[in-house]
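Q: Heads up: the sequence lines are chains A and B, in that order. Sequential numbering from 22 applies to the first sequence in my numbering. Sequential numbering from 2 applies to the second sequence in my numbering.
Hints were generated in silico from the structure; no laboratory data involved. Among the hints, a few may not be true.
Said to hold, decoys possible - Computed footprint of chain A on chain B; a stretch qualifies when at least three of its residues, placed anywhere within it, have a C-beta under 8 Å from a C-beta of chain A: (1) 204-216; (2) 222-228; (3) 233-242.
Just so it is clear, CB atoms sit at the ideal spot from N, CA and C, and this is done for glycine as well.
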Amino acid sequence: MPLLEIEDLKTYFYSDDAVVKAVDGITYDIEEGETVALVGESGCGKSVSSLSILGLIPSPPGRIVDGEVKFRGTDLLQLSASEMRRYRSRRIAMVFQEPMSSLNPVINIETQLTEGMMTQLSLTKRQAGDRALELLETVGISDPERRLKQFPHEFSGGMRQRVMIAIALSCEPDLIIADEPTTSLDVTIQAQILDLMQTLTRERGMALLLITHNLGVVARYVERINIMYAGRIIEHGASTDIFEKPSHPYTVGLLNSIPRIDRDTRSSLDPIPGQPPDLARLPAGCHFAERCRNAIDKCEREYPTTVEVEPKHTSACWVAEAVYNDNALQLSHA
Amino acid sequence: MRDYIIRRVLLLVPNLFILATLTFFLARVLPGDVALGLVAEDGSVINQEAVQVIRDRLGLNDPMPVQYARWMLQLLQGDLGKSDVSDISVVKVVAETAEVTFLLAILSVIIGAVMAIPFGILSAMMRGRWPDQVIRTFSAVFLALPNFWLGILLLLALVTWFSWSPPIFQETFLDAPVEQLQRLILPSIAIGTSFAAVATRLTRSTMLEVLNQDYIRTARAKGLFPNRVIVRHALPNAVLPVITLSALLFAGLLNGAVVLERIFALPGMGVEIVTATSERDFQLLQGLVLVLGAFVMVWMLLIDLLYVALDKRIQLE
Ligand SMILES: Nc1ncnc2c1ncn2[C@@H]1O[C@H](COP(=O)(O)OP(=O)(O)OP(=O)(O)O)[C@@H](O)[C@H]1O
Ligand SMILES: [Mg+2]
């Protein structure tokens, strides 16, 4: 049984005159101890889908309208608020996108680091304090004794994200969801943080869901990749398959828009033209059709069915086979 | 932190000096002086000679700079002087009236805050549902009512239904704390309620804003109990503006309690200042205004320090 199975999850935001379909039926899973990526452009619903897992969607206006989120077989969406509370940080922990604002400005680091352990693991203040010291050291913060007494404004962005990682690790969860943990950090710090997360989760046998809009960043870190576009997952596969044989024109576009040194046939930087559709007024056909180079008539009319282009590699595209074959062919020539 | 406090306290000295100077000259902007009033009280016809005698005695014939220098010297010795009219020392008048004014202001702010903070939080948590609607309606209504009018209504209700009569103030708070508070509780409720109307709305809106912050989401993601998220994570951030408002209101009440002191026949500083002004009792007027001003300054300093203690981000510059 997979650790986490998300089945046809739909999360909508309701306003007076519109329904924003931020997440519109996504399905994927994560095995125990596995590292999986969720990749897509800004605004495609990555954060909303991850917040839905732990019941952290602001409601109103948001609501999970359909689907299942099974954690070791238990559907989290059916749990009461107090049952759900027990899963948070104890089973599934999160590292958020915004390290600058995700820590409480008026509470010291020690309290913010220990309170979860005291609640979820029933540790005493002393025990939690000792563990907090170890955790800060683990995430590479020097002079932890002094640092514990400090407040978030005394930490740089990268340091805060390390604190967030320490908080996420603190209750020994089975899964950590890292929502663009490095987006707002310098490039050098980005790699440090990702390396740190990978090492620490591997050591502890924790699964990691890495959310990012930068396909290039995740390449070295993840085993499987889910590509998301306008509230849906449009391609899924093993990391190497996605990179070598992308089978959805959107994924091809994403790969072309990142600088690459390993392949030079299409290497000139080439961003995808146009904008993603308005999530409140989605087209009837494929959401990507308007921006797609390979679009055929059918794409405008009918949302594509998902096809398996090779084992464990799926694509929601009417011309998936052709795109796959094209890229596979180029690969064999290279 | 210690350096900051010392610096702020030292800064009080020039501020007080400016306040004393302003008080002195503003008092003298008024036409007429105390001598005219004193003589008119004694006889019907104004006797120019008698007026001059009094002016001489009180030093009102000296040039303005001399009078000013004399007052400043007096202040430096820690002496507020004596009332021009009654010869009672100003310190004594302050001592007798300050208590009522201060207790009234403090009680009003406390009552207001005690009502506003829970209602504001409740309103924010229940946004859009009926408790929120009820609280918002009431606060809008109370906001629209002038607080002195609320005072009058309350007073009338008490007099007609409970045959209440204005209390007589003889003991001080230290002698009989309970009785003193009882005498002040009704006017405090009148002022406190209209303050609560503003503060409830402020608490509600800051609370809603804070509940949307990323760090609240972090706190919830940790699996903390909802109570802890509200009380420990949201509240300290949400009450900062409410504290500022309370502080300003308290300062405003010290200076503006005249109307309510009048309505409820409370022997406070406000009433005394009005009397001193109409009698041109410069010594008393200057003394009272200076003391009130000084208290407000010290109060604002205390609030700033509280702010620094609550919010570590505030740079001590
Ligand atoms: N509180 C909210 N109220 C209304 N709409 C929302 C809310 N939160 C998110 N949305 C909508 O959901 C959509 C998906 O947002 P989401 O934050 O999941 O994007 P994302 O993929 O995480 O983007 P980014 O890379 O910028 O973080 C957005 O288009 C936004 O309009
Ligand atoms: Mg996001």
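Q: Taking the hints in turn, state whether each one holds.
A: A quick look at each hint next to the structure:
1. 204-216: This one holds; 4 residues, not fewer than the three required, reach chain A with a Cβ under 8 Å.
2. 222-228: holds (count 6)
3. 233-242: holds (count 4)
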